[in-house]
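Enquirer: In our numbering, the protein residues as written are 1 to 88.
Incorrect hints may appear among the rest.
To be verified - Pairs of lysine to aspartate or glutamate residues, derived as EDC-like cross-links and limited to a Cα-Cα distance of at most 16 Å, are as follows:
id, residue 1, residue 2
1, Lys63, Asp87
2, Lys68, Glu83
3, Lys49, Asp87
4, Lys68, Asp87
5, Lys68, Glu45
6, Lys68, Glu47
These are calculated hints, taken from the structure and not from any lab test.
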Amino acid sequence: MSINRFAEDRQDAFWIVGTGQTLRHATTMRPGAVYSGQVVPALCEHEVKIPQPTPLGREPQTKNIAEKCLDCEQLIADGNFAEITWDF
Numbered sequence: 001m002s003i004n005r006f007a008e009d010r011q012d013a014f015w016i017v018g019t020g021q022t023l024r025h026a027t028t029m030r031p032g033a034v035y036s037g038q039v040v041p042a043l044c045e046h047e048v049k050i051p052q053p054t055p056l057g058r059e060p061q062t063k064n065i066a067e068k069c070l071d072c073e074q075l076i077a078d079g080n081f082a083e084i085t086w087d088f
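Starting from the given sequences, assemble the full structure and let the hints guide the process.
Expert: Right under this line is the structure:
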């Protein structure tokens with residue numbers, strides 16, 4: 001018998017707060033793979049600017065931002081994405 005633990009492959013969606021924003025948007029680009037200041041597209045086609053990393057020993061300022069873009073939420077639900085919250 002063959003058991004596949006990963007029977008359902010799902011694409012990752014990363015919830016991030018862009019520089020100067022107060023709302024989380026979802027993107028399929030891994031935020032740690034792009035440089036600070038780069039603009040990446042969100043699922044809702046909004047542009048999100050990747051912030052500078054938080055210095056060691058400090059909490060990211062975006063950690064308490066929980067409000068999410070409603071358009072991105074709908075697209076994630078429709079596309080069955082695996083959700084990851086990412087703070088810098």
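Enquirer: Which of the stated hints cannot be reconciled with the structure, identified by number in ascending sequence?
Expert: When the structure is compared with the hints, none of them turns out to be violated.
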